[in-house]
Amino acid sequence: MSNKILESININKFFHDPLTVQVLKDINFSLNKGEFASIIGKSGCGKSTLLYILSTMDTDYDGELFIDDVIIRGKKEVELAKIRNEKIGFVFQFHYLLNEFTVLRNVMLPGLKLGKYSEKEVEHRAYEKLKILGIEKEALKKANQLSGGQKQRVAIARALINDPLIIMGDEPTGNLDKKNSEIVFEIFQQLVKDFNQSLLIVTHDNEFANRTHRIIEMEDGKIIRM
Amino acid sequence: MNFKLISDISRSLLVARWRQTLVAAIGVTFSITMFITLLSFMSGLNDLLDGLILNRTAHIRLYNDIEPSKHQPVDESNEYYKSYNFIRSIKPKNDRLEIYNSGAIMAALKKDSRILGVAPKITTPIFYNVGTTDLTGVINGIDVEAENQLFKFSDYVTSGNYIDLKNIPNSIILGKGVANKMLANIGDVIQVTTSKGELMKLKVVGFFQSGLLDLDNVQSYASIGTTQKLLGASNNYITDIQIKLNDILTAPPLAKEYERLFGVEAMDIQTANSQFETGSSVRSLISYAVGITLLIVAGFGIYNILNMMIFEKMDSIAILKATGFSGKDVNLIFITIALSIGIFGGLLGLIFGLGLSNAIDQIPFNTASLPTIKTYPINYNPKFYMIGAIFSIITTYFAGYFPARKASKIDPVIIIRGK
Ligand SMILES: Nc1ncnc2c1ncn2[C@@H]1O[C@H](COP(=O)(O)OP(=O)(O)O)[C@@H](O)[C@H]1O
Ligand SMILES: [Mg+2]
Numbered sequence: 001m002s003n004k005i006l007e008s009i010n011i012n013k014f015f016h017d018p019l020t021v022q023v024l025k026d027i028n029f030s031l032n033k034g035e036f037a038s039i040i041g042k043s044g045c046g047k048s049t050l051l052y053i054l055s056t057m058d059t060d061y062d063g064e065l066f067i068d069d070v071i072i073r074g075k076k077e078v079e080l081a082k083i084r085n086e087k088i089g090f091v092f093q094f095h096y097l098l099n100e101f102t103v104l105r106n107v108m109l110p111g112l113k114l115g116k117y118s119e120k121e122v123e124h125r126a127y128e129k130l131k132i133l134g135i136e137k138e139a140l141k142k143a144n145q146l147s148g149g150q151k152q153r154v155a156i157a158r159a160l161i162n163d164p165l166i167i168m169g170d171e172p173t174g175n176l177d178k179k180n181s182e183i184v185f186e187i188f189q190q191l192v193k194d195f196n197q198s199l200l201i202v203t204h205d206n207e208f209a210n211r212t213h214r215i216i217e218m219e220d221g222k223i224i225r226m
Numbered sequence: 001m002n003f004k005l006i007s008d009i010s011r012s013l014l015v016a017r018w019r020q021t022l023v024a025a026i027g028v029t030f031s032i033t034m035f036i037t038l039l040s041f042m043s044g045l046n047d048l049l050d051g052l053i054l055n056r057t058a059h060i061r062l063y064n065d066i067e068p069s070k071h072q073p074v075d076e077s078n079e080y081y082k083s084y085n086f087i088r089s090i091k092p093k094n095d096r097l098e099i100y101n102s103g104a105i106m107a108a109l110k111k112d113s114r115i116l117g118v119a120p121k122i123t124t125p126i127f128y129n130v131g132t133t134d135l136t137g138v139i140n141g142i143d144v145e146a147e148n149q150l151f152k153f154s155d156y157v158t159s160g161n162y163i164d165l166k167n168i169p170n171s172i173i174l175g176k177g178v179a180n181k182m183l184a185n186i187g188d189v190i191q192v193t194t195s196k197g198e199l200m201k202l203k204v205v206g207f208f209q210s211g212l213l214d215l216d217n218v219q220s221y222a223s224i225g226t227t228q229k230l231l232g233a234s235n236n237y238i239t240d241i242q243i244k245l246n247d248i249l250t251a252p253p254l255a256k257e258y259e260r261l262f263g264v265e266a267m268d269i270q271t272a273n274s275q276f277e278t279g280s281s282v283r284s285l286i287s288y289a290v291g292i293t294l295l296i297v298a299g300f301g302i303y304n305i306l307n308m309m310i311f312e313k314m315d316s317i318a319i320l321k322a323t324g325f326s327g328k329d330v331n332l333i334f335i336t337i338a339l340s341i342g343i344f345g346g347l348l349g350l351i352f353g354l355g356l357s358n359a360i361d362q363i364p365f366n367t368a369s370l371p372t373i374k375t376y377p378i379n380y381n382p383k384f385y386m387i388g389a390i391f392s393i394i395t396t397y398f399a400g401y402f403p404a405r406k407a408s409k410i411d412p413v414i415i416i417r418g419k
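Chains as they are written, first to last, in my numbering: chain A, 1 to 226; chain B, 1 to 419.
Read the hints as simulated data drawn from the structure, not as lab findings.
Restricting the straight-line Cα-Cα distance to at most 25 Å, the calculated cross-link-like pairs of lysine-lysine (DSS-like) are:
hint, chain 1, residue 1, chain 2, residue 2
1, A, Lys116, B, Lys328
2, A, Lys142, B, Lys4
3, B, Lys409, A, Lys76
4, A, Lys75, B, Lys406
5, A, Lys82, A, Lys4
6, B, Lys4, A, Lys87
7, B, Lys166, B, Lys229
8, A, Lys82, B, Lys328
9, A, Lys76, B, Lys328
10, A, Lys120, B, Lys4
11, A, Lys116, B, Lys4
12, B, Lys328, A, Lys87
13, A, Lys75, B, Lys328
14, B, Lys406, A, Lys76
15, A, Lys193, A, Lys87
16, B, Lys409, A, Lys87
17, A, Lys82, B, Lys409
18, B, Lys181, B, Lys196
Can you make the complete structure from the sequences, with help from the hints?
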């Protein structure tokens, strides 16, 4: 078994609307278990586009992607959904919590979908994750009753619920103030240290990037440093 | 497939939008209520109108018709037997109305297991003598007990006791219209003339009201014996044998069979009353059409609500997909929402429909021509409730189908990028 959990081979991506533009050019890189990597680059250089491909949500690309040594091309929509559910935790710039549900339920949903544990166990695990993030007291509140920083921490707890292979983040601190950004960063660091969690985080905050293990820098759709 | 999770998410989305959900459900409830009420009422009305004729009509009537002889002398000619002959010289005979051998036919029919009952009858034209004028009319000579058993004769005898017809010799039950014209009361003695000119005095023992004015203006009833006496006929003279079957649908083939077997004319109820069938089916068709139209309108209501919900919940759908719910799961969530609106609204509709038709059933409905009817007629056929339930589920399913498919196709990347 290799140590690679994510590998991208010659990934190219074109947008055809309105004109055909190449947004990603020959992306080759891999990520190992327990790595805390950040992707930086100017706005519009293709960071988000790359992350959506790596997270299996975007399937319209050239080249190959392996997650956990499994090739992604040719998988059906249901299979991709299962991979996202089981192996990938995603944290967005915007929290995307479901306001109809409590904080606890929001965290539980992907776990219930996985169906590996009973509902009681999933609930227990959700509490554990909320505890790691220090917001277990808010568990029974509705999602829209929390502050921005708290919401983002709930979103991280949700990303953690199925013990994913990797957590991907698209500017997870982009909407947060300095203090909350710091909290989120510390949480990521703690996850790496305590749980050997792999992380791949897109950010435009160079200070944030400098404190990660590895910086992948992009420019005009190409990786120029990694 | 974790159905509990799917239904849980559906319920949360429903509850969060409970006002719109309620409006959509009320739409379904309303249409199902109207559907049930309309069908029950229309069908009740159909039964009532059909009953006017059909309950009072034999399923098969055996009789002899006055017909020209089918075999004319010119057909005997060697020269012309192949030709189409127009010369007809043999006229119909006068006294062919009697069913010959009626006793044996009746006995044979009574043994037939397909038959519920048999009642003999004599129909004869007469004149009611009122002062110096004569009113044309018809006397039905009946076997009072058999007639009552098969055709609920007593229901239509509005004054007097029907059994007196049997027990009092030379008695008559007059049609209500006839009685009014003759100013006859119960106990009066009236006089009738037969078509052959014979006079007879008859005692009025009751009035008869069928609900069909044309009938009540001409028809009266007497016992078979009285009628035979009136006609000067022997005591096996019968013009009609009325047959009631166990299964009304077997009437046409059985009529043909008896026609062959007994050498008489046989008329089945379907042929005799085809216009009633048509009327009934048109009325049912209208009720179904209105009910289904209402349901389709309700279906569009659900369709709108779901489309709106999907539009509002784009983010939620995107995140569900990003965190591992497949298009199929999302599809199921919205189908479940549509079906719960349909089932909940439909169930309420069935209950309200029952309530409303019951309320209509209580409204007094008195009409001189329908002596047995006291309130508006309602048919509580469970079939309508089944159809209503099935239709509400089918329409809501289709109303949910397209929005659900749209939701399942939402691309999470587009939504998440949009922010
Ligand atoms: N749906 C799209 N159609 C066409 N061009 C797009 C689309 N989405 C993104 N782009 C373009 O692709 C480039 C990369 O975008 P993105 O990956 O979001 O950059 P980043 O996240 O690094 O800021 C940009 O130039 C953007 O305008
Ligand atoms: Mg971006």
